[in-house]
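S.K.: Below are the chains, spelled out letter by letter.
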Amino acid sequence: MLGKLMKYDFKALNHYLIVIHAMLLITAALGRFLFVGRLMENPAGLSDAGVAATIIGIIIYVILFMTAVFGTMLMIAICFYKNLYSDEGYLTHTLPVTRGQLLISKTVSGSVWMLLDMMMVILSLFILVLTRPVLDDFTACRDELLRAMGFPASTGYGKILVAFAVLFIVSAVGNVVIIYASIAIGQLFSNHRVLGAVVVYFVINTIVSIISSIAGTAYSMSTFIHAADESSFVMMANDGVIYQVYARLFLFSLVLEIILAIGAYTVTHLLMQKKLNLN
Amino acid sequence: MKPILECYGLSKSYGNGRMALSNLNLSLERGQIIGLLGPNGSGKTTLIKLINDLLVPTEGYIRIDGSTPGAETKKIVSYLPERTYLTPSWKVADLISYFEDFYGDFQRNRAKQMLEALGIELHAKLRTLSKGAREKVQLVMVMSRDASLYILDEPIGGVDPASRDYILNTILTNYNENATILLSTHLISDIENILDRVLFLQNGQLVLNAPVDDIRMEQKKSVDMLFREVFRC
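If you read the sequences in order, they're chains E and W. Throughout the first sequence, residue numbering follows my numbering, covering 1 to 279 in sequence. Throughout the second sequence, residue numbering follows my numbering, covering 1 to 233 in sequence.
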């Protein structure tokens, strides 16, 4: 039954999201060949019309970029709400499946699309700007860039890929279950269900960012203060120890996100079990 | 054989202090068509939602074929809600596949025959159908299952009298003798000829649970007349 639920949940999301992301990738490819490629070959050779066209092209790409990012979140939220809490819920909730199966299916389909969205958005950026000169610059400053991102210098690409994969998967699933929890909690405001969901979503995100910035600041300050006892701050940065601070901060926010996701999933499941009340 | 539906001390409050259902006890045998009747706000829809696991009781419990409402009972309960639950962008044929995917007791051919008789095209998009046609599609889906318990909330409310006859006929011809139909409606005179038993609900309590024949024989009244007497404003 879970497989069948997923089939229909993916079907509901695929429709719009494939179109939006295809448009994003096509625009990025067009932008690369029509504007970026030419600009790289001959930066001074653009006419006024060419400049105007480039600017319009960039604006279209940015609009599509935003549409893809926010559209994906919005579609995932709308599908969850419509399928479970609008009139459609009368059918969904009387299918011979458990509430847990309904939630797993929605979480998998939503997270997969959230992940696909991140990958497509990054891919579109690569298509647009990853030209030979950019690639050469990247290779030249590879170690510095890695350090800035919190990796030890000369980390292999495999490890970097794994780190990003974990980060992306956790944040995709985390974001999706927080959207779902917000909608489920929003249902408790029986006269303002949608508004309730939106408010709950922003409240959760605000609280989370406050907690992580307080914890992050406290942690990095304490690290630096301890470090200052032994050696100077500048030396520490030069020694390349700073990446460890980033790495720990990264781990901390990862753990925070995992805990939050488990909490949000549990709350959503409980509310679906105990507090369902369709209009 | 266990009764198809049992309710013990069933109560539901929505948290506003008022009891939508209060201490309801009920046992329904198989093989009957039962009318669930009562004025607006008497608790009919609350009872129906509780049976379908769309609400959780505040107190008491329900057993359907001996089980608490959940995934297992939904396999044998076929429910027609008052609301239109159709996805507008789907075709009628998509809905048939959906029912076939999830309900093991769904009979595709029966659905197709009924839709054909009602003049509803399989490739029509649900959003292009009239409100009445959409209600008919839902009823056809629900009656195309070989369920043990059919729960029909206002099945003839939004359709014209000619279609009403077809629908009632559909209900009568499509359920087997061991199945039970629990049917809620305001249009009592239209359906009372098909009912075996009626339940009257008032302010969340069961005020009458009697076979229709008894009402006719003993009280010499139609169900419609009795309803008007009991619930006189």
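None of these hints come from the bench; they were simulated from the model. Idealized CB from N, CA, C, for every residue including glycine. Keep in mind that a hint or two might mislead.
In the SDA-like style, the derived pairs of lysine to any residue whose C-alpha atoms are separated by at most 25 Å in a straight line are [said to hold, decoys possible]: (1) E/Lys-11 - W/Arg-127; (2) E/Lys-82 - W/His-186; (3) E/Lys-275 - W/Ser-22; (4) E/Lys-82 - W/Thr-128; (5) E/Lys-159 - E/Leu-251; (6) E/Lys-7 - W/His-123; (7) E/Lys-7 - W/Ile-76; (8) E/Lys-7 - W/Lys-2; (9) W/Lys-125 - E/Leu-13; (10) W/Lys-131 - W/Arg-110; (11) W/Lys-112 - W/Asn-178; (12) E/Lys-4 - W/Pro-88; (13) W/Lys-75 - E/Ser-86; (14) E/Lys-7 - W/His-186; (15) E/Lys-82 - E/Val-62; (16) E/Lys-274 - W/Lys-125; (17) E/Lys-274 - E/Val-203; (18) W/Lys-75 - E/Asn-279; (19) E/Lys-11 - W/Ala-71; (20) W/Lys-131 - W/Asp-160; (21) W/Lys-131 - E/Asp-87; (22) E/Lys-4 - W/Leu-54; (23) E/Lys-7 - E/Arg-99; (24) E/Lys-82 - W/Asp-160; (25) E/Lys-275 - W/Gly-66; (26) W/Lys-131 - W/Asn-178; (27) W/Lys-75 - W/Thr-128; (28) W/Lys-2 - W/Asp-105; (29) W/Lys-131 - W/His-186.
Stretches of chain E that chain W covers, calculated by requiring three or more beta carbons in the stretch to come under 8 Å of a beta carbon on chain W [unchecked claim]: (30) 54 to 64; (31) 95 to 106; (32) 271 to 279.
S.K.: May I ask which of the numbered hints given earlier this structure violates, with the numbers listed in increasing order?
M.R.: Per hint list: 2, 8, 14, 15, 16, 24, 26, 27, 30 violated.
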